[in-house]
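Colleague: Chains as they are written, first to last, in the UniProt record's numbering: chain A, 1 to 204; chain B, 1 to 204; chain C, 1 to 331; chain D, 1 to 331.
Keep in mind the hints are simulated off the structure, nothing from the lab.
Don't be surprised by glycine CBs; every beta carbon is placed ideally from N, CA and C.
Hints should not be assumed to be uniformly reliable.
Unchecked claim - If you want a taste of the chain A side facing chain D, the calculated C-beta under 10 Å gives, among others:
| # | residue |
| --- | --- |
| 1 | T82 |
| 2 | A85 |
| 3 | K168 |
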Amino acid sequence: MAGISIATLENAVKIVNASMTTLEAELNAADSKLGDGDTGVMLARVLGKFGETDISGSDDLGSAFQTLARAAASATGSSLGTLFATALLTIGKATKGRETAEWSELSALLQAALDAMIQRGGASVGDKTVLDALDAVVKATAGLNAAALIAAEASKAANTTLDAFRDKPCKIGRARMFAEKSMGIDDPGMLGFVRLVDALASKH
Amino acid sequence: MAGISIATLENAVKIVNASMTTLEAELNAADSKLGDGDTGVMLARVLGKFGETDISGSDDLGSAFQTLARAAASATGSSLGTLFATALLTIGKATKGRETAEWSELSALLQAALDAMIQRGGASVGDKTVLDALDAVVKATAGLNAAALIAAEASKAANTTLDAFRDKPCKIGRARMFAEKSMGIDDPGMLGFVRLVDALASKH
Amino acid sequence: MKKLMNAASGYVDEVLEGLVLAHPRLKLGGSAKRVVCRSEGVRKGKVGIVSGGGSGHLPLFTGYVGRGMIDTCSIGNVFEGPNIDSCIEAIKLADGGAGVLRLYGNYGGDRMNFDMAGEFLEGEIETTTVLGTDDIASASPEESAKRRGVAGIIYAYKIAGARAEEGADLAAVTQTARQAVAATRTIGLALSPCQVPGAAKPTFEIAADEFEMGMGIHGEPGLWRSKMKPADEIVEDMITRLLTERPAGHGGRVSILVNSLGATPLEELLILYRHAFRKLKEAGLAIVQPLVGHYATSMEMAGASISLCFLDSELERLLAAPSDSPFWEVK
Amino acid sequence: MKKLMNAASGYVDEVLEGLVLAHPRLKLGGSAKRVVCRSEGVRKGKVGIVSGGGSGHLPLFTGYVGRGMIDTCSIGNVFEGPNIDSCIEAIKLADGGAGVLRLYGNYGGDRMNFDMAGEFLEGEIETTTVLGTDDIASASPEESAKRRGVAGIIYAYKIAGARAEEGADLAAVTQTARQAVAATRTIGLALSPCQVPGAAKPTFEIAADEFEMGMGIHGEPGLWRSKMKPADEIVEDMITRLLTERPAGHGGRVSILVNSLGATPLEELLILYRHAFRKLKEAGLAIVQPLVGHYATSMEMAGASISLCFLDSELERLLAAPSDSPFWEVK
Ligand SMILES: Nc1ncnc2c1ncn2[C@@H]1O[C@H](COP(=O)(O)OP(=O)(O)O)[C@@H](O)[C@H]1O
Ligand SMILES: Nc1ncnc2c1ncn2[C@@H]1O[C@H](COP(=O)(O)OP(=O)(O)O)[C@@H](O)[C@H]1O
Ligand SMILES: [Mg+2]
Ligand SMILES: [Mg+2]
Ligand SMILES: [Mg+2]
Ligand SMILES: [Mg+2]
Numbered sequence: 001m002a003g004i005s006i007a008t009l010e011n012a013v014k015i016v017n018a019s020m021t022t023l024e025a026e027l028n029a030a031d032s033k034l035g036d037g038d039t040g041v042m043l044a045r046v047l048g049k050f051g052e053t054d055i056s057g058s059d060d061l062g063s064a065f066q067t068l069a070r071a072a073a074s075a076t077g078s079s080l081g082t083l084f085a086t087a088l089l090t091i092g093k094a095t096k097g098r099e100t101a102e103w104s105e106l107s108a109l110l111q112a113a114l115d116a117m118i119q120r121g122g123a124s125v126g127d128k129t130v131l132d133a134l135d136a137v138v139k140a141t142a143g144l145n146a147a148a149l150i151a152a153e154a155s156k157a158a159n160t161t162l163d164a165f166r167d168k169p170c171k172i173g174r175a176r177m178f179a180e181k182s183m184g185i186d187d188p189g190m191l192g193f194v195r196l197v198d199a200l201a202s203k204h
Numbered sequence: 001m002a003g004i005s006i007a008t009l010e011n012a013v014k015i016v017n018a019s020m021t022t023l024e025a026e027l028n029a030a031d032s033k034l035g036d037g038d039t040g041v042m043l044a045r046v047l048g049k050f051g052e053t054d055i056s057g058s059d060d061l062g063s064a065f066q067t068l069a070r071a072a073a074s075a076t077g078s079s080l081g082t083l084f085a086t087a088l089l090t091i092g093k094a095t096k097g098r099e100t101a102e103w104s105e106l107s108a109l110l111q112a113a114l115d116a117m118i119q120r121g122g123a124s125v126g127d128k129t130v131l132d133a134l135d136a137v138v139k140a141t142a143g144l145n146a147a148a149l150i151a152a153e154a155s156k157a158a159n160t161t162l163d164a165f166r167d168k169p170c171k172i173g174r175a176r177m178f179a180e181k182s183m184g185i186d187d188p189g190m191l192g193f194v195r196l197v198d199a200l201a202s203k204h
Numbered sequence: 001m002k003k004l005m006n007a008a009s010g011y012v013d014e015v016l017e018g019l020v021l022a023h024p025r026l027k028l029g030g031s032a033k034r035v036v037c038r039s040e041g042v043r044k045g046k047v048g049i050v051s052g053g054g055s056g057h058l059p060l061f062t063g064y065v066g067r068g069m070i071d072t073c074s075i076g077n078v079f080e081g082p083n084i085d086s087c088i089e090a091i092k093l094a095d096g097g098a099g100v101l102r103l104y105g106n107y108g109g110d111r112m113n114f115d116m117a118g119e120f121l122e123g124e125i126e127t128t129t130v131l132g133t134d135d136i137a138s139a140s141p142e143e144s145a146k147r148r149g150v151a152g153i154i155y156a157y158k159i160a161g162a163r164a165e166e167g168a169d170l171a172a173v174t175q176t177a178r179q180a181v182a183a184t185r186t187i188g189l190a191l192s193p194c195q196v197p198g199a200a201k202p203t204f205e206i207a208a209d210e211f212e213m214g215m216g217i218h219g220e221p222g223l224w225r226s227k228m229k230p231a232d233e234i235v236e237d238m239i240t241r242l243l244t245e246r247p248a249g250h251g252g253r254v255s256i257l258v259n260s261l262g263a264t265p266l267e268e269l270l271i272l273y274r275h276a277f278r279k280l281k282e283a284g285l286a287i288v289q290p291l292v293g294h295y296a297t298s299m300e301m302a303g304a305s306i307s308l309c310f311l312d313s314e315l316e317r318l319l320a321a322p323s324d325s326p327f328w329e330v331k
Numbered sequence: 001m002k003k004l005m006n007a008a009s010g011y012v013d014e015v016l017e018g019l020v021l022a023h024p025r026l027k028l029g030g031s032a033k034r035v036v037c038r039s040e041g042v043r044k045g046k047v048g049i050v051s052g053g054g055s056g057h058l059p060l061f062t063g064y065v066g067r068g069m070i071d072t073c074s075i076g077n078v079f080e081g082p083n084i085d086s087c088i089e090a091i092k093l094a095d096g097g098a099g100v101l102r103l104y105g106n107y108g109g110d111r112m113n114f115d116m117a118g119e120f121l122e123g124e125i126e127t128t129t130v131l132g133t134d135d136i137a138s139a140s141p142e143e144s145a146k147r148r149g150v151a152g153i154i155y156a157y158k159i160a161g162a163r164a165e166e167g168a169d170l171a172a173v174t175q176t177a178r179q180a181v182a183a184t185r186t187i188g189l190a191l192s193p194c195q196v197p198g199a200a201k202p203t204f205e206i207a208a209d210e211f212e213m214g215m216g217i218h219g220e221p222g223l224w225r226s227k228m229k230p231a232d233e234i235v236e237d238m239i240t241r242l243l244t245e246r247p248a249g250h251g252g253r254v255s256i257l258v259n260s261l262g263a264t265p266l267e268e269l270l271i272l273y274r275h276a277f278r279k280l281k282e283a284g285l286a287i288v289q290p291l292v293g294h295y296a297t298s299m300e301m302a303g304a305s306i307s308l309c310f311l312d313s314e315l316e317r318l319l320a321a322p323s324d325s326p327f328w329e330v331k
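Kindly generate the complete structure, drawing on both the sequences and the hints.
Modeller: The structure is reproduced here in structure tokens:
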């Protein structure tokens with residue numbers, strides 16, 4: 001296992017983009033229930049922008065992440081998109097100057113991203129957002145080294161969290177007003193994250 | 001036969017109002033084809049206003065007609081409504097000071113109304129408007145005395161004219177632009193007039 | 001179609017009441033309160049300008065009552081001409097002793113009623129008539145006098161209103177109004193219908209993926225229907241049609257009005273304007289005082305019209321003169 | 001839903017291009033031309049006011065860029081926050097050396113981007129933040145800081161803009177903006193949805209005979225749905241809700257904004273205004289500078305909102321001060 005390199009990242013961009021063909025409509029539909037129905041179209045645009053962004057010549061892994069962060073930030077100003085950019089920026093800072101990162105570092109990198117997203121968005125773990133699935137992945141992958149195992153555990157944790165939160169009330173953003181209505185409905189940001197983790201994991 | 005009195009007029013108002021229950025939609029539909037679709041609703045409002053107007057205490061037949069003319073003029077500013085008011089005003093002037101008019105005078109009274117409508121609206125007989133059916137009734141009833149015969153001849157002439165004009169092009173107003181499209185379509189104003197003549201005639 | 005309204009029978013009167021409450025510079029006049037006037041009245045000695053028409057076209061016509069624009073306006077029911085009484089009253093209320101220009105759109109009902117009103121007032125108030133005939137889709141150039149008046153009439157309001165405000169006499173104001181009408185061309189298109197309050201159905205039907213070029217503001221049929229096209233293509237066609245009728249020897253300065261028929265939002269108007277601007281520039285025309293917004297509508301009809309007013313120096317001067325009507329102010 | 005547009009990908013940029021072509025007082029700035037600025041720039045020494053938000057709400061937000069209003073505005077895609085770059089650029093372009101107030105609606109994406117922009121500029125430009133939170137349907141009074149910003153934000157633009165124009169410092173302008181937001185309440189209702197350009201479906205579905213009270217300007221669910229009711233009943237409910245939150249000790253003068261969400265025509269707004277006027281009068285309130293029209297829309301969404309700005313003498317003075325933004329001029 002070569003660890004996480006720019007090539008890993010390029011490959012990941014291809015995989016998530018491919019998954020958007022069906023995911024875009026699913027996420028729009030999920031966001032339509034209590035939000036403004038644009039999660040899918042926004043994510044498709046951001047990931048599409050990644051696809052158009054050439055990171056192969058990046059100085060190092062960190063700057064590849066930062067290039068993607070800037071791409072995300074320029075493609076949208078939506079909540080989820082900006083949080084996504086924040087996460088990538090944070091991981092980019094942490095991997096600045098390095099060629100690769102070890103798979104065993106992934107959990108810590110994601111934890112740093114999670115902290116930055118909490119800081120930026122003002123929501124907490126437990127509010128039924130993308131943060132909860134990310135938090136679950138952080139925990140499930142801590143101490144693991146093998147990419148394949150990480151993939152399997154991440155996917156399992158993400159899906160378990162999605163299921164666990166489905167019947168809980170949403171505590172932030174637009175859906176907050178409809179805490180009752182939000183029970184039984186997946187949070188679109190969390191759903192998107194889980195589906196992308198699944199897509200990435202299935203290639204391992 | 002007592003001739004045309006205020007009572008005749010009151011009775012006529014009742015008859016035409018009753019006929020509007022089905023006629024309103026028919027005329028709107030006819031006007032929708034090339035016009036703005038309001039002939040029926042306008043006519044229903046004008047005739048409804050007649051129904052609310054008490055002419056029983058009018059000084060004479062002429063002022064009863066003039067009261068109805070004012071009612072029509074205050075209920076609408078549409079082409080057909082204003083022409084209708086013009087016609088009633090003209091007949092009112094011609095019967096000023098009299099209790100009744102002879103049925104034998106009807107043709108001449110309608111001719112006077114037709115002249116005034118031509119003068120006011122600027123259209124000519126032959127343009128495929130309400131004027132053509134009126135003109136036909138004028139001609140068909142000239143020289144007749146008996147109400148029942150007048151009714152029968154008026155109705156026949158009106159319907160013959162409607163049929164005869166159906167496939168001709170319209171030469172005035174909005175439908176003029178669509179001279180070709182107007183072929184095969186009844187002029188809504190003419191259609192309304194014919195239907196009201198039929199309604200009145202059927203009570204004789 | 002859903003409407004925020006009470007009973008259909010009160011629709012027009014409630015709208016007018018709301019209008020004058022929201023715009024204290026306006027007030028209602030006439031026996032049936034179907035005349036909108038300037039609260040300050042008409043200056044003695046100024047030529048009055050009266051307009052009128054059916055309801056359902058706000059801010060046309062009433063929204064252009066103001067200093068330097070029209071003085072009074074008679075209002076009919078939705079899509080019907082104003083009745084004779086309100087026309088008589090509107091002419092009287094516009095009278096400052098120097099005569100009154102009747103300036104309104106070329107529709108049968110409106111003409112008959114304004115004509116009759118003028119006849120009633122013969123000997124009392126001197127009146128002249130100029131009809132708005134800007135809709136190029138409604139008759140051929142040879143029959144341009146038969147064309148309907150649509151959004152472009154506001155140019156005549158503005159230009160003739162400024163001429164009256166500066167003290168010109170009735171003949172001069174009438175002449176100026178005639179020039180403004182002669183200089184103005186409009187073409188409109190519709191995407192979806194409106195519904196007359198109380199009516200059972202919308203004014204027309206059109207497929208979900210079609211639009212109609214040249215449709216009238218009451219839903220009168222236009223020139224052709226087509227599947228939706230990119231906005232730039234549509235604008236190209238509209239501008240070409242308008243420029244085909246560019247008055248001979250015109251000097252190259254135009255005002256343009258990109259107008260929503262109601263439901264079409266400002267975003268789309270600006271997309272249309274952007275391309276119209278380019279096409280006019282390509283044609284060597286300079287744009288003066290562009291207007292983009294809701295100026296003459298058909299309630300909730302979706303669609304837009306483009307008007308061009310081909311200016312000479314005199315028309316341009318009058319267009320730029322001050323006016324204080326609620327929906328078109330010039331400082 | 002039919003739209004007069006070209007490719008969805010160019011929608012926002014074409015709209016902005018059209019906007020500045022139609023309004024030469026505005027110009028585009030920023031690397032991606034997603035900032036609308038005053039062509040004359042910001043006066044040296046004046047506190048700058050920047051706003052921003054998603055596209056699809058014209059004339060909000062860009063139409064209120066002008067002297068005595070906001071100085072610059074960063075624009076996102078339709079119904080999305082403006083991105084970080086455009087926020088940074090908008091703040092820079094609003095800077096006259098006396099600091100910049102960030103004044104925009106309370107939406108997650110907008111906040112994050114404006115916050116990050118402010119952090120990037122730390123040490124370079126002093127910034128403060130005031131969030132529009134006028135939508136009373138979006139959170140309870142106890143959680144009023146969590147409310148969304150909707151049409152009522154234009155009162156904060158106008159009032160804070162006037163304060164900045166008269167030379168107040170950043171703290172004072174910020175304080176005034178906060179007071180304006182605290183004095184303003186809005187409630188909206190929707191009759192029919194809009195569609196984001198390029199989207200496959202409208203933003204929501206609603207039955208042909210229903211309306212929804214409290215719906216957000218992107219189609220976020222509201223308080224309740226009901227069969228259509230007479231306009232006066234609807235207004236009664238809206239005004240009652242707004243007055244329930246009348247600030248304690250308020251003196252009795254209010255400005256009211258009756259706003260179309262897009263497709264709802266002026267006729268219907270005036271019917272709403274007419275009854276709102278009566279209800280406010282009954283409640284002992286005097287109306288100052290009423291606004292009725294298209295001020296903050298959701299493209300072709302049908303519906304309306306009513307905002308009240310509860311004035312004190314200072315707010316009223318600032319509301320009446322001159323401003324020259326394209327869509328709200330005060331002389
Ligand atoms: N403050 C926040 N913190 C964490 N996650 C958030 C926050 N705001 C939004 N999200 C996530 O973003 C998702 C919505 O994304 P999106 O539809 O793109 O944004 P918007 O609400 O701007 O339309 C939510 O489902 C949630 O998971
Ligand atoms: N100038 C005219 N002369 C004669 N009849 C006319 C004239 N204008 C209209 N009409 C008649 O009126 C009818 C249309 O009436 P209506 O729908 O009420 O008027 P509008 O065109 O104002 O909506 C036409 O079918 C025609 O018969
Ligand atoms: Mg969303
Ligand atoms: Mg008609
Ligand atoms: Mg009509
Ligand atoms: Mg969004």
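Colleague: Does each hint hold? Answer for all of them.
Modeller: Evaluated hints:
1. T82: Constraint on T82(A) satisfied, holds at 4 Å.
2. A85: Cβ of A85(A) sits 8 Å from chain D, so the hint holds.
3. K168: Violated - the Cβ of K168(A) stays beyond 10 Å from chain D, reaching only about 18 Å at its closest.
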